[in-house]
Amino acid sequence: MRSVKFSDAELLNGLVSRDERILGEYYVSYFQSVRRFVLSNNGNDEDARDLFQDVLMVLFQKARDEHFTLTCTLSTYLYSISRILWLKELGKRKWISYKSVEHEDFIDTDSDIVLISEKNERLIFYRKSFEKLSSKCRKVLTLFMDGVSIVEITVRMGYKSVQHTKNRRYRCKLTLINSIKAEYDYNTVSYGNNKDY
Amino acid sequence: METTRIIEQYLDGTLGDEEKRVLEERAALDKDFRELIRLHKEVNLSIRDKDLSAFQTLIKKVSANHFHTPKLFSLKYCLRLTAILVIIAGAGVILKYSLFRCVGAEELYQQYYTFYDADVVSRSAQTVKDALDSALISYSSKDYAEALKILNIIIKRDQENFLAWFYRGLTCLETNATAEAIQSFNTIPISWNSPFKEHRDWYLALALLHHGETAEAAKAFNRINDAEGYYAGRANKILQKLKP
Numbered sequence: 001m002r003s004v005k006f007s008d009a010e011l012l013n014g015l016v017s018r019d020e021r022i023l024g025e026y027y028v029s030y031f032q033s034v035r036r037f038v039l040s041n042n043g044n045d046e047d048a049r050d051l052f053q054d055v056l057m058v059l060f061q062k063a064r065d066e067h068f069t070l071t072c073t074l075s076t077y078l079y080s081i082s083r084i085l086w087l088k089e090l091g092k093r094k095w096i097s098y099k100s101v102e103h104e105d106f107i108d109t110d111s112d113i114v115l116i117s118e119k120n121e122r123l124i125f126y127r128k129s130f131e132k133l134s135s136k137c138r139k140v141l142t143l144f145m146d147g148v149s150i151v152e153i154t155v156r157m158g159y160k161s162v163q164h165t166k167n168r169r170y171r172c173k174l175t176l177i178n179s180i181k182a183e184y185d186y187n188t189v190s191y192g193n194n195k196d197y
Numbered sequence: 001m002e003t004t005r006i007i008e009q010y011l012d013g014t015l016g017d018e019e020k021r022v023l024e025e026r027a028a029l030d031k032d033f034r035e036l037i038r039l040h041k042e043v044n045l046s047i048r049d050k051d052l053s054a055f056q057t058l059i060k061k062v063s064a065n066h067f068h069t070p071k072l073f074s075l076k077y078c079l080r081l082t083a084i085l086v087i088i089a090g091a092g093v094i095l096k097y098s099l100f101r102c103v104g105a106e107e108l109y110q111q112y113y114t115f116y117d118a119d120v121v122s123r124s125a126q127t128v129k130d131a132l133d134s135a136l137i138s139y140s141s142k143d144y145a146e147a148l149k150i151l152n153i154i155i156k157r158d159q160e161n162f163l164a165w166f167y168r169g170l171t172c173l174e175t176n177a178t179a180e181a182i183q184s185f186n187t188i189p190i191s192w193n194s195p196f197k198e199h200r201d202w203y204l205a206l207a208l209l210h211h212g213e214t215a216e217a218a219k220a221f222n223r224i225n226d227a228e229g230y231y232a233g234r235a236n237k238i239l240q241k242l243k244p
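Listed in order, the protein sequences are those of chains A and B. Anchor point for the first sequence: position 101 equals 101 in our numbering, and the numbering is continuous, going up by one each time. Anchor point for the second sequence: position 196 equals 196 in our numbering, and the numbering is continuous, going up by one each time.
Hints were generated in silico from the structure; no laboratory data involved. Worth double-checking, as some hints may not be accurate.
[As the list claims (entries may be wrong)] Lysine to any residue pairs mimicking SDA-like chemistry, simulated, CA-CA at most 20 Å apart: (1) B/60 x A/146; (2) A/128 x B/41; (3) B/61 x A/21; (4) A/92 x A/116; (5) A/92 x B/155; (6) B/41 x A/178; (7) B/60 x A/21; (8) A/181 x B/35; (9) B/61 x A/18; (10) B/61 x A/20; (11) B/60 x A/14; (12) B/50 x A/146; (13) B/31 x A/184; (14) A/132 x B/14; (15) B/60 x A/117; (16) A/139 x B/41; (17) B/61 x A/121; (18) A/166 x B/14; (19) B/61 x A/19; (20) A/132 x B/54.
Quick caveat: nothing in here was measured; it's all calculated off a predicted structure.
Please build the complete structure, drawing on both the sequences and the hints.
Next up, the structure:
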């Protein structure tokens, strides 16, 4: 099904700019086909809703990449992402065999869909851990990540020296890394090429 | 903190040549170290990228709106409105009840809470039975993490396996995940026709007490007392002590 109100380009732009009205249109135009697919392949309504959110997150990452070009219709692309992510989910649940999923021809979507989805999950988790830090730690780390100079950060934060600011940054980062390590299940992490870092 | 400094400087591109060489040599040989660098890199990305998190929040909002759009003056909407008004009216009673009771709720909970001994399970589907039995064995041997894992799988497959929801509530209660325990018990419908129902009612009431929802707990104990079942005597005693 295609959106009758918006073109594919408008829908993609609306996604990147986080336009609530456009996001609603994704649900109106595309959710039902994803739902039907999930329901006919061992899933339920809640699975369909969760999957559709993951699909939109992946599409958001793809669409804001300046090198991304849509080579088919948006509905085909969304459906393909849904299939790939649902197959991954079924694999995770183990009690369902891949073979039980009906196979039909669909576009060969990029093989990095699963990696993007897994990375999204990690980034969201890290962000939540970051938001649990003290407000000063959050501010120092954000300023560093925004490329603000160390001298300016020292002034803005009212620290006594540049060295103190640096130490503060490393301490905050260490706290964050330790809290993530304590809570995140690293057995599920997949980085793709192991030799990269 | 030294490792953090080195990795951060490496990622910033401000690490000196010698330290950079040492880091890269170590990363080539040490998988854990490589993963730590990746973790730092992704964490930095998550700090820099506020949009992804904001996007997820927005999707959740849009999804909630799409699936739960209230229709003005519909029966469902009116019922919700009534429920909200009842909750607001009850809030005053709850506040009064929580502030002026005689014995502390937690004290009562500690006094009356006992570990629920797992029962023998009988279900028609063999695989479900096996999984539930495994969960009960883990629960009985106090391996709550494993029990919870299996119960979650069962529930994921069959949302209406209320016995699994019941044991999930008990498992959460044992691990002090009280809010989750309440949610699990509450998933079971009032109409549940099972010998476990009165146990579920009792442990739900205790969970509410443990969670500090004293007024709700009192209502639940009242229902147990009125039903004159197995736990009625204990519920009555708790109610006496809870009275202001």
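Hints and how they fare:
1. B/60 x A/146: At roughly 27 Å apart (the allowed maximum being 20 Å), residue 146 of chain A and residue 60 of chain B break the hint.
2. A/128 x B/41: holds, 16 Å
3. B/61 x A/21: Holds, at about 12 Å.
4. A/92 x A/116: holds, 16 Å
5. A/92 x B/155: Holds - the C-alpha atoms of residue 155 of chain B and residue 92 of chain A are around 16 Å apart, at most 20 Å.
6. B/41 x A/178: holds, 14 Å
7. B/60 x A/21: holds, 14 Å
8. A/181 x B/35: holds, 11 Å
9. B/61 x A/18: Within the cut-off at roughly 12 Å; holds.
10. B/61 x A/20: holds, 9 Å
11. B/60 x A/14: Holds, at about 16 Å.
12. B/50 x A/146: Holds, at about 11 Å.
13. B/31 x A/184: holds, 18 Å
14. A/132 x B/14: violated, 28 Å
15. B/60 x A/117: With Cα atoms ~16 Å apart, residue 60 of chain B and residue 117 of chain A stay inside 20 Å; holds.
16. A/139 x B/41: holds, 18 Å
17. B/61 x A/121: holds, 18 Å
18. A/166 x B/14: The hint holds at about 13 Å.
19. B/61 x A/19: holds, 12 Å
20. A/132 x B/54: holds, 16 Å
Taken one by one, the earlier hints fail for this structure at numbers 1, 14, listed in ascending order.
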